[in-house]
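Starting from two chains that each stand alone, build the complex the way the hints lay out.
Listed below, chain by chain, are the residues.
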Amino acid sequence: AQTVTQSQPEMSVQEAETVTLSCTYDTSESDYYLFWYKQPPSRQMILVIRQEAYKQQNATENRFSVNFQKAAKSFSLKISDSQLGDAAMYFCAFQPQGGSEKLVFGKGTKLTVNP
Amino acid sequence: EPEVTQTPSHQVTQMGQEVILRCVPISNHLYFYWYRQILGQKVEFLVSFYNNEISEKSEIFDDQFSVERPDGSNFTLKIRSTKLEDSAMYFCASSEVTSNQPQHFGDGTRLSIL
Chain A
1 AQTVTQSQPE
11 MSVQEAETVT
21 LSCTYDTSES
31 DYYLFWYKQP
41 PSRQMILVIR
51 QEAYKQQNAT
61 ENRFSVNFQK
71 AAKSFSLKIS
81 DSQLGDAAMY
91 FCAFQPQGGS
101 EKLVFGKGTK
111 LTVNP
Chain B
1 EPEVTQTPSH
11 QVTQMGQEVI
21 LRCVPISNHL
31 YFYWYRQILG
41 QKVEFLVSFY
51 NNEISEKSEI
61 FDDQFSVERP
71 DGSNFTLKIR
81 STKLEDSAMY
91 FCASSEVTSN
101 QPQHFGDGTR
111 LSIL
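Which chain is which? The protein sequence lines are A and B, in order. Residues in the first sequence are numbered consecutively from 1, following our numbering. Residues in the second sequence are numbered consecutively from 1, following our numbering.
No wet-lab data here; the hints were simulated from the structure. Among the clues, some could well be false.
[As the list claims (entries may be wrong)] Under the rule of at most 30 Å between Cα atoms (straight-line distance), these lysine-lysine pairs were calculated in the DSSO-like manner: (1) A:K73 x B:K57; (2) A:K107 x B:K42; (3) B:K83 x A:K55; (4) B:K42 x A:K78; (5) B:K83 x A:K70; (6) B:K42 x A:K110.
In isolation and in its complexed conformation, chain B is listed as follows (with noise of 0.2 Å):
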């Protein structure tokens, strides 16, 4: 069965440095996601993108963020000038053709911001 894979598994970074999370989601899935999960705390999301451009996003998604399908089958989140309160598991997804499709996840990435 088609998976959203996700890479790294795990990303240790200096406070301050930028740092890109990965995520090839399911070929024909036009709608994707990124949540975020700091530990002991809900499921919270991010962003979603669809037809190359964001088409909502919390008040967690600040310019501290950005979302990018760069070629495709790639969707990046980039989070520039990390801070300590950054430090998460990042959840990508992604749905099929139209919204309210179930949401399809990978595995996640957990960001460890030193």
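This is chain A alone, in the form it adopts within the complex (with noise of 0.2 Å):
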């Protein structure tokens, strides 16, 4: 079974500045997807970034990048020039490829940004 853990319950980061969230998995699969996904409060959840795990390049978006390192099982997440709209809860998931299609979950991350 796959599992996903985030390690840090809550982060903080002054704006402007950059902060990385970490998440590790567990899984025997070879082929993958990892997401990051954020939740504002009282918001829906927001897909940020998309990893294909036979992409050796790390995906980014905008402010958004991931450093995924497959041997290691680790999808960390950065956030550059952090804005106070970043403050939300940010999930790490992973969906295998083909055949399931569901999410796996981290417990998240709640990121404050201070002004």
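Rendered as structure tokens:
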């Protein structure tokens, strides 16, 4: 069974600074997808970034980038030039490729952005 | 941008009653999902639905639960004979024509069982 671990229940960052959120996972699959979702307070979960495991190049999406280390089963999210609107719960999620469609989530990291 | 919409945002129900949670997936999406998040715990997969049938379900999704696509737009989760431990946030999600496309989530329905 796949598991996803987010070891940081809470993180804080100063506005305009950079923060990295950690995520590790455990799987015996070789092909899969990894995601970071953002959930602002009382709002829906929004896809931030997606990484295919077969791609060595780290995904980037504007100020958001990942450090994907397949051998270490690590998938961290870096937020550059943090903005107040980045404050949210961030969930790391795993999805096997082919077959199961379910997402396996971590417990989340609450990010606070200080002005 | 199209969104997944869920109603109601908060549902309070007496233990033992039936509850129906409603979702309107994004219009061109064909895969639908329900997840739940008990307070302080992980978001957990309940069920996926494609082509008018369940394609996968978790061990949580027992006979107490059922899903239905009653018309061309709604996707519902029915919980029969609710228990206190069913109190949670329930999220609906949908994805495009092929699986492994990103899932788009609704705002969730907070279900409180008294």
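Broken hints, numbered, in rising order? Those not satisfied are hints 3, 5.
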